[in-house]
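Take a look at the letters that make up each chain.
There are 2 protein chains.
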Amino acid sequence: MAEITIKDIAKQCGVGVSTVSRALNNHPDINQETRRKIMEVIEETGFIPNNSARNLKRTDAKCIAVLIKGITNPFFSNMIQIIEEETQRNKYALVLRHVESHEDEVDVALELEKEKRLRGIVFLGGRFNHSEEKLAKLNVPFIFSTIGVAGLDHAAKAEFSNIAVDDRLESRKMTEYLISLGHRNIAIIAERPENPIGRLRVEGYREAYQRQHMTVPEEMICYVQEEMNHYSMENGYVTVRKLLESEAGEKMTAIYASSDALAIGACRAVLEAGKRIPEDISVAGYDGIEIGEYYNPKLTTIKQPVEMMAKKTIGLLLDVIAGREEHQQIIFPAELVVRESTGPVTKLCGSD
Amino acid sequence: MAEITIKDIAKQCGVGVSTVSRALNNHPDINQETRRKIMEVIEETGFIPNNSARNLKRTDAKCIAVLIKGITNPFFSNMIQIIEEETQRNKYALVLRHVESHEDEVDVALELEKEKRLRGIVFLGGRFNHSEEKLAKLNVPFIFSTIGVAGLDHAAKAEFSNIAVDDRLESRKMTEYLISLGHRNIAIIAERPENPIGRLRVEGYREAYQRQHMTVPEEMICYVQEEMNHYSMENGYVTVRKLLESEAGEKMTAIYASSDALAIGACRAVLEAGKRIPEDISVAGYDGIEIGEYYNPKLTTIKQPVEMMAKKTIGLLLDVIAGREEHQQIIFPAELVVRESTGPVTKLCGSD
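Note that the protein sequences, when read in sequence, are chains A and B.
Residue numbers are given in our numbering: position 339 of the first sequence equals residue 367, and the series is strictly consecutive.
Residue numbers are given in our numbering: position 43 of the second sequence equals residue 71, and the series is strictly consecutive.
Treat the hints with care, as some may be off.
A partial selection of chain A residues facing chain B, derived with a Cβ cut-off under 8 Å [what the hints assert, rightly or not]: (1) His126; (2) Ser129; (3) Leu163; (4) Asn167; (5) Arg296.
Chain A residues, not near chain B, derived (Cβ > 12 Å throughout) [unchecked claim]: (6) Glu61; (7) Lys65; (8) Glu68; (9) Asn157; (10) Arg227; (11) Gln240; (12) Lys270; (13) Glu275; (14) Glu278; (15) Ala294; (16) Glu300; (17) Ile317; (18) Lys326; (19) Gly343; (20) Val366.
Source of the hints: derived by calculation from the structure; they are not laboratory data.
C-beta: ideal position from N, C-alpha, C; glycine also.
With the hints as extra help, turn the sequences into a complete structure.
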């Protein structure tokens with residue numbers, strides 16, 4: 029590959045090499061019109077302003093993209109940090125791209141593939157409802173992380189990897205724990221069923237009641253506000269404030285929020301309503317983020333093994349890229365962590 | 029520039045184009061040894077596995093690197109999100125790189141410059157103690173964000189941009205507010221003076237006492253634990269737990285932590301010691317992150333205008349890259365937000 033040099037740029041612009049260098053370094057002693065012209069030529073030619081082009085040719089191609097749906101969810105901060113560290117240790121650059129809730133992450137990935145010298149893609153969060161045909165369009169290995177793909181058929185699964193917890197099972201575990209404390213009217217704050225993770229967590233909730241031969245309290249199933257970030261503290265706060273004013277809210281003795289961020293917002297709404305946690309209302313979360321240990325009261329939660337999941341996500345992807353491994357689907361066990369925010373039911377079900 | 033095509037790769041490997049394609053897509057029906065060989069050739073040649081190479085040539089060069097020191101500080105999550113959105117809107121890719129506390133961020137940037145087709149660099153967090161000579165080595169425009177460079181001489185400043193709040197002034201504001209509530213023994217939890225932000229915040233704390241002609245209570249100046257993340261909740265927790273066992277801890281009536289994450293950890297330690305906030309000990313933070321509004325009690329803090337700062341950071345950098353603007357140093361005003369975690373002093377100074 030013939031590399032464009034700074035001399036070519038200088039020649040094409042009719043200026044000296046030092047002027048191009050000044051333009052690149054944005055030195056104050058360059059005419060801004062000249063600089064703009066030089067930058068345009070640089071843009072057109074794809075010139076790389078760097079001396080070690082040889083070194084660059086080899087390494088520039090290696091990058092991993094991380095596409096995140098729900099970037100405001102603090103759960104992902106920790107994931108991104110670990111993925112970034114591992115990516116770097118393996119001499120890849122990390123390209124970060126958040127995906128708006130209305131965007132299709134595979135479309136975004138296809139667009140990124142055009143633009144970037146990608147070697148692999150990590151999808152963090154979001155919905156998994158992509159057709160096999162669409163996924164087949166992706167040219168580089170990819171992995172869905174923290175997204176369950178349990179519903180998918182086997183043929184498609186061989187084409188990508190997946191790291192997740194068993195959302196249905198873990199959600200059932202939490203609900204069973206709350207039921208074991210005597211709670212019957214447990215409000216669940218979940219994402220709408222269009223979102224597979226939201227759906228699986230609600231399914232686990234239902235299963236817990238069904239396995240005890242109890243009627244599922246349908247009126248206790250609440251969905252987050254659509255118009256704001258789904259996993260934010262603000263969403264938990266607003267949703268529970270509305271809930272507290274409803275008939276279901278008067279009956280409930282426990283709130284199970286499907287993320288810790290939502291649970292923190294829920295706690296705030298409960299406390300502002302003059303109720304005590306857990307004496308009046310128990311509150312539980314899901315994820316196991318740091319704040320849960322430091323909140324007042326400390327938050328009961330389902331702790332996902334975030335460090336192991338993040339390391340496996342990037343490790344497996346790099347192994348697949350290098351041809352050392354085939355694609356895999358791996359389910360990690362999560363842990364019910366009981367802290368201060370949940371306790372035995374103290375009021376009779378249905379009483380005011 | 030001559031582009032390497034998939035045909036060139038196939039020819040060089042002595043296989044068909046479809047085999048190369050299968051290798052790239054990591055299809056299960058390819059011999060792993062063959063795949064490894066093909067991937068090696070691809071690696072060597074710098075071949076870009078993509079059909080729209082023309083499109084790629086133009087856009088691949090455009091990327092912005094964000095280097096973060098203190099990536100676990102939740103304050104940066106929000107910054108990164110906004111910077112990423114703006115970067116993307118301007119058709120640049122964002123390369124994320126965390127900088128270990130022992131690493132020099134300019135060294136990391138110089139390394140990244142070699143490897144990536146960078147057009148600009150954002151430095152988030154960290155120390156500013158780089159020589160003019162070293163900064164001059166960077167070939168692309170760069171900006172220090174949320175890092176004060178007040179101590180720097182004018183000549184060097186023309187070479188880069190800076191977005192910050194006035195850490196000394198804002199820190200003085202918080203300390204003056206606590207003094208106005210009657211507190212005299214205010215413990216400050218800060219980064220060590222080697223870190224310019226830590227130093228400026230301690231200077232502001234001292235100034236508040238000095239302006240009131242009061243003696244600075246030197247024994248109340250505490251530093252975070254070196255061996256863990258400096259701005260984590262855990263660090264605040266551990267530091268304040270130690271402090272509470274000391275003589276200074278017995279005298280203090282207020283804690284001013286130099287980040288909200290530290291303040292949350294501090295609250296937890298205070299509560300676990302059986303003390304009430306703010307009745308026994310007031311606790312204040314710095315940053316204005318979301319959790320402060322939802323914590324119990326709600327956290328008094330210095331709120332940095334994070335959205336404006338993030339937008340200006342990336343906007344200014346892109347303007348400089350495009351030659352529309354010169355480098356600038358911009359100081360944003362922050363806001364003292366009084367919430368529930370601080371109140372009037374209720375015990376006499378120096379009493380047990």
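Hint check:
| no. | hint | in the structure |
| --- | --- | --- |
| 1 | His126 | holds (5 Å) |
| 2 | Ser129 | violated (13 Å) |
| 3 | Leu163 | violated (11 Å) |
| 4 | Asn167 | holds (5 Å) |
| 5 | Arg296 | holds (4 Å) |
| 6 | Glu61 | violated (9 Å) |
| 7 | Lys65 | violated (9 Å) |
| 8 | Glu68 | violated (9 Å) |
| 9 | Asn157 | holds (22 Å) |
| 10 | Arg227 | holds (26 Å) |
| 11 | Gln240 | holds (32 Å) |
| 12 | Lys270 | holds (16 Å) |
| 13 | Glu275 | holds (26 Å) |
| 14 | Glu278 | holds (23 Å) |
| 15 | Ala294 | violated (9 Å) |
| 16 | Glu300 | violated (10 Å) |
| 17 | Ile317 | violated (10 Å) |
| 18 | Lys326 | violated (8 Å) |
| 19 | Gly343 | holds (16 Å) |
| 20 | Val366 | holds (17 Å) |
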